[in-house]
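Colleague: Spelled out from the first residue to the last, the chains are:
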Amino acid sequence: MSAAISRGLRAFGRFWWEFVVGDTPELFVATLVVVAVSFALASLHVVPVVVVPAVAVASLLWSAARGRVRERPGA
Amino acid sequence: MLAVFGASAVEMVEALTIVLAAGTSRGWRSALEGAAAALGVLAAIVLVVGVPLIRYVPIDALRVVVGALLLTLGLNWLRKAWLRASGHKAMHDEDLIYAKTVEELSHDGPVRAQRDAVGFAVAFKGVFLEGTEVVLIVISLGASQGRLGLAAAAAAAAAVVVIVVGAIVARQLSKVPENAIKLTVGVMLSSFGIFWVGEGAGVHWPGSDAFLFVLVALFAGSSALAIPWLRRSAPAPIGAVG
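Residue numbers (my numbering), protein chains in the order written: chain B, 37 to 111; chain V, 372 to 613.
The hints are simulated quantities; they were obtained by calculation from the structure and are not laboratory data. Built from N, CA and C at the ideal position, the CB exists for glycine as well. Mixed in with the good hints there might be a few duds.
Claimed, not checked - Only part of the chain B face toward chain V is listed, based on derived beta-carbon distances under 10 Å:
id, residue
1, 40
2, 45
3, 47
4, 51
5, 56
6, 64
7, 68
8, 75
9, 82
10, 85
11, 89
Only chain V is shown next, with the shape it has when bound in the complex (with noise of 0.2 Å):
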């Protein structure tokens, strides 16, 4: 559960930043709406979607797939993880993506006092995009374990403690150390994936579950040899972008 709770809170701080700037150049009311309104669809999705795949969907094909999905997603992550912490890609900055954000909202007419459909939209958009990934993680991991409700429960206290942190610290959500949340959770995800994925085509693991620790430590080993092997070549530094 550890891995929904990383993913929904790195996924959580990215769309907070885009409901903070809405929030601020459109009106707090339609940002807040449109960000409950993205919720609530993602919340039906995991309903619609997750309970199905438990009932339904015989164990080993679930694992297959879900465990495929799961490593695509996490070696994407680590991919994006490595050439980060190496150099060869700007880090994600938050402040530059309210900047924008904020720059972009204020060319859109003007505020309406009640309802701002602008602000909706943006907010609706930026949490349903950025909460997708999650929904997916907290269907893989949940239905593959039967553990839906814990993991969705996991996903939602992460957006909850992100959601009160944005609040405290408001705009200096960049120092939330996403890269390496970003990293720890794509090494959990692809240590999942390689195991459910053996599991369900009929690999059998030496020591069973405990066999993901190997698998974690494997992925973590090579991202601790891989980013300094990237950061030898790596350009002068870049300037964060969103």
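Isolated chain B, as found in the complex (with noise of 0.2 Å):
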């Protein structure tokens, strides 16, 4: 039985992981990064306007960049 419910627990730690992180975990963390950011700039007005988007911009470009590299047959 609680072999059955740690299989289960793994499985759905597996799926979730795959689902949010997957075989992209920079914009996982890019995401993370934006939070923090988001929090600790809060109180800065115009700042975190500007920085926030900038930080998600900047961490997409450099995934794709990344992903260009990457995904290209042979590379």
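Two chains, two separate frames, one set of hints: put the complex together.
Modeller: Below, the structure written as structure tokens:
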């Protein structure tokens, strides 16, 4: 019984790991950075309005550039 | 709700391809029962998870968690759409997926006249896995706006539209501009994600909700610049994959 529960929990954890992190851990980390930066800079008014979206777009560009190399056939 | 509709439409096209393949090769009854069972389970998840979220979780905490989840999904969708549009990743080809699924199912033993377990399982798995992402988006967008019912209705409407169109065009689902829809939904999910993470964290967006348009413009503009930039280093055309 406990083995079945443990197996189920592992499968559940694996599913969510694949779903949220998958093969782009850098985008998951970028999201965590966006959350942290938002909390850290929230009181600074204009600064987070510029920095938070910029962090997201820069991470996306970096991830796509990495994917460009990684997903090229033979690369 | 446009984001929910678009996301649901994209995922339903993929699910419908699998159901069509299962129905054609293993019998329609089992395939349709499998698809209906999966839709029932997904609807139950929306009710069981979504309603308590709205009632019992503080709105700011909900916005941060939901926003982070939407941002992760949105950035992944955008990355995939950029790489596909620029030729670094093969386009999603529904015709090829259909042919592959039919081929695989033809090796799974004789088809049973009444209920076929293989057809049921393949249709259930296809609809459930593709639908999970839609459920997350429905719960996220619905819960943080307090409009779970409307979000679920938008997803259901997209499912109906795709099923009706799928029934009419049968196996021509590859004609659906899936990457363009994925790009649009990615822009919207990423924009909503950043907006809600900021709201939950206490960031004051200039113009309040109107700042969403700025974020949408930012991601759309980034896409317009990034795709040609990525295309410049694209390899020779890649064959379509499933």
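Colleague: Each hint needs a verdict: does it hold in this structure or not?
Modeller: Going through the hints against the structure:
Interface hint at residue 40/B: violated, since its Cβ lies 20 Å from the closest Cβ of chain V, which is beyond the 10 Å cut-off. Violation of the interface hint for residue 45/B is found here, the shortest Cβ-Cβ separation to chain V being roughly 17 Å, above the 10 Å cut-off. For residue 47/B, the interface hint is violated, the least distance from its beta-carbon to any beta-carbon of chain V being 13 Å, above 10 Å. Annotation: residue 51/B was flagged as interfacial toward chain V, and the flag holds, the nearest CB pair being 8 Å apart, inside 10 Å.
Nearest Cβ of chain V to the Cβ of residue 56/B: about 6 Å, under the 10 Å cut. The hint holds. Look at residue 64/B: its Cβ gets to within about 6 Å of chain V, closer than 10 Å, so that hint holds up. A distance limit of 10 Å between C-beta atoms decides the matter here; for residue 68/B the minimum to chain V is near 8 Å, and the interface restraint holds. About 5 Å separates the beta-carbon of residue 75/B from the nearest beta-carbon of chain V, less than 10 Å, and the hint is met.
Using the Cβ-Cβ criterion of 10 Å, the hint placing residue 82/B at the interface with chain V is satisfied: the shortest such distance is roughly 8 Å. Interface hint at residue 85/B: satisfied, since its Cβ lies 6 Å from the closest Cβ of chain V, which is below the 10 Å cut-off. A hinted interface residue such as residue 89/B counts as satisfied when its beta carbon comes closer than 10 Å to some beta carbon of chain V; here the least separation is about 6 Å, so the hint holds.
Checked against the numbered hints given earlier, this structure breaks hints 1, 2 and 3; the rest are met.
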